[in-house]
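Engineer: Below are the chains, spelled out letter by letter.
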Amino acid sequence: MSNKPVKHAQAAAEFLEDDPHRLFHDERLWDMRQKRDQQMHGMPEWQELRDRASRIKEHTLANLPTYLEQFEENARRNGIHVHWARDGAEHNRIVAEIMGKHDAKSLIKSKSMITDECEMREYLEPRGITVTETDLGERIQQLDHQLPSHVVVPAVQKLTGDVAKIFAKYYGTDPNIKDPHELAEAQREAARPVLLSGDTGMTGGNFIVAETGGFVVCTNEGNADLSSNLPNVHIATLGIERLVPRVEDLGVFVRLLSRSALGSPITQYTTHFRGPRKGGEMHVILVDNGRSDRLAMPQFWSSLKCIRCGACMNTCPVYRRSGGQSYGSVYSGPIGAIIDPTFNAKKFSTLPFASTMNGSCSNVCPVEINIHEQIYDWRRVLAEKHDIPFVKREIMKMAGRLLAQPRLYRVSIEGTEVALKTMPRFVLYNYLNPWGKHRELPHPVKETFNSWYRKNRLKTSTKKEHESA
Amino acid sequence: MKIGLFIPCYIDAFYPKTGIATLELLEKLGQDVDYPMDQTCCGQPMANSGCNKDARETEELFVRNFSKYDVIVAPSGSCVHHIRDNFDAIEQTDAVKHIRQNTYELVEFIHDILKVREFPWAEFPHKVGLHNSCGTLRALRTASMSERNEPFFSKPMDLLSAVKGIEFAKPKRPDECCGFGGTYSVTEEAVSARMGLDKVTDHHNAGAEYIVSADTSCMMHQQGCAERNGVPIKFIHIAEILNGARA
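First to last, the protein sequences are chains A and B. Take the first sequence: its position 368, counting from 1, is numbered 372 in the numbering used here, and each next residue is one higher. Take the second sequence: its position 97, counting from 1, is numbered 1063 in the numbering used here, and each next residue is one higher.
Note that these hints are calculated values from the structure, not bench results. Any given hint could be a false lead.
[Unchecked claim] Below, simulated DSSO-like cross-link-like pairs (lysine-lysine); rule was C-alpha separation at most 30 Å, straight line:
(1) A:K39 with B:K1138
(2) A:K401 with B:K1019
(3) B:K968 with B:K983
Excised from the complex, chain A in its bound form:
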């Protein structure tokens, strides 16, 4: 992985240049946020559910080894093969081994963020294994060689016309298709033969249940059910943080997930897997890939509570105007800004700065992750590691010195045209130009408040007192 910091600001600026894309993206996600609000207002117990979801996750994470072992034991009893993967590489090797045993060559899979995190396609394809994404959005992103833009709607940054062009290239359909349904049909036509002939199926999993040894997959397209049930071998890749202790806990999470994500009461399909079907084989790969390390980070461990609903992305005014691709990572938006640096602090050092820290994300989060506070904390951590630009560091040092010396500060802002020129310069220095690119500067004023106060309020006696102070 390259260590070069992601140029979020630049990529976002490019995304904003095209009006149809930026308008659609902002409106589409804002619509999801509003639908989420409507669902929330229909549930007086919303806040109680969030509190409970957060507490269940915190409890589970605090007792993760116990629950993972409980899950393993119960899953084995159900006839599931359980594998443990320390990192992405180990995960990918396990998948290749399982497929190798069956001499399998075609992996059909439903959407899972974690296999993108493990860069599984990149590993399997050179080894002669065809990986076919069956989620529509994820398939579009696969064909276009892009990372998902969003955890729930991976191709949300694309317009119908973009998809029509991609499908024309790979499926030979008309590049001028305007009707999204026609495109969905084209995908269906292309996917069915692959689904029917695939020899291994793969899913992720939204929730793992320790007490039953089962797991739950929530989708809207039904593709996970096809992927897992048509072939004889089903591999489920599961992040270890997806665990909940009891089946009844699902009553909390399933109610929150789709309401937070899309603003629908529940996903079209909520499939509970408990074990292989007759004659079939089921594998579960429990993936760590940095999660244990994150669990040990005092400020950032609670990001593991995330259930990948994407509500923080939908509400984020910066994400909506930047597009997911600008984050250069598997996880974009606010949640990406706090978990990506745990994978690579240098490469993703820019992401905690791609935020106004407005706090909307933390307040829509169904598991109450303090996302914007973690963004703030990441900034400190990165600044201390010197993973922020040198110029910025120097400016802040200068600003800190100047603002600590009232007399020098006064001299610098009480100049001829009062502050207008000096003020942005001392705070922002060569950042001054960007302010004016799309904005006017504040208007000059005759005098500062400080000098007005001196003239209008300070009586002779107190004036002396102040001057001698």
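Place chain B on chain A using the hints.
Structural biologist: Only chain B this time, still in chain A's reference frame:
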């Protein structure tokens, strides 16, 4: 109760009218207000950039300037948020704790501490769009937010409702951040300015003649975006309206 008035750096330099209105308003409400002349800043620009250590001396100066007051009042939600929630570059002495617990944003001070609801001198015969900064909305909690399932409340609206002739516009996305975000406004200027333009357009389309806010920094940014793009809308700090400004 002796009040120390904190006028943040950008209000001091660019919007002295807001500082004057704040002082005059507090005086009209019978308060004993003092403005320490050696004040500069609360340290937020450095701290928000991650450079908390560089905020140390500025925070120390702030404590030297303000520890002698019973309460500190500032016409800026974001600065008060910094002092209350993030003012930790320095040792947390009793003086520091005193400051952090007794610093108020102007609206919450009038609303919660003075409990004043009447401003007989105030008249503002215009349609205004209220902009709650993210600091006041989601940190100081001076108004309910659309993200939460909670009953509606709005301290700034409670105060403004007492102003004769005022009317409120209803923007579509009242709680969305305007994109200022301190240094964010320059490090990610394209997104920041886009958010600012969207914000002022939303208010303009809702019929607002003015955007009114308890945060001048947001308005400095919004004004820049409105002027560059020819969106005809004016800006005024809530202190000025409550102090009796007519336009």
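Engineer: Confirm or reject each hint.
Structural biologist: Structure-based check of all given hints:
{"no.": "1", "hint": "A:K39 with B:K1138", "verdict": "14 Å, holds"}
{"no.": "2", "hint": "A:K401 with B:K1019", "verdict": "9 Å, holds"}
{"no.": "3", "hint": "B:K968 with B:K983", "verdict": "23 Å, holds"}
The structure fails none of the hints (numbered hints given earlier).
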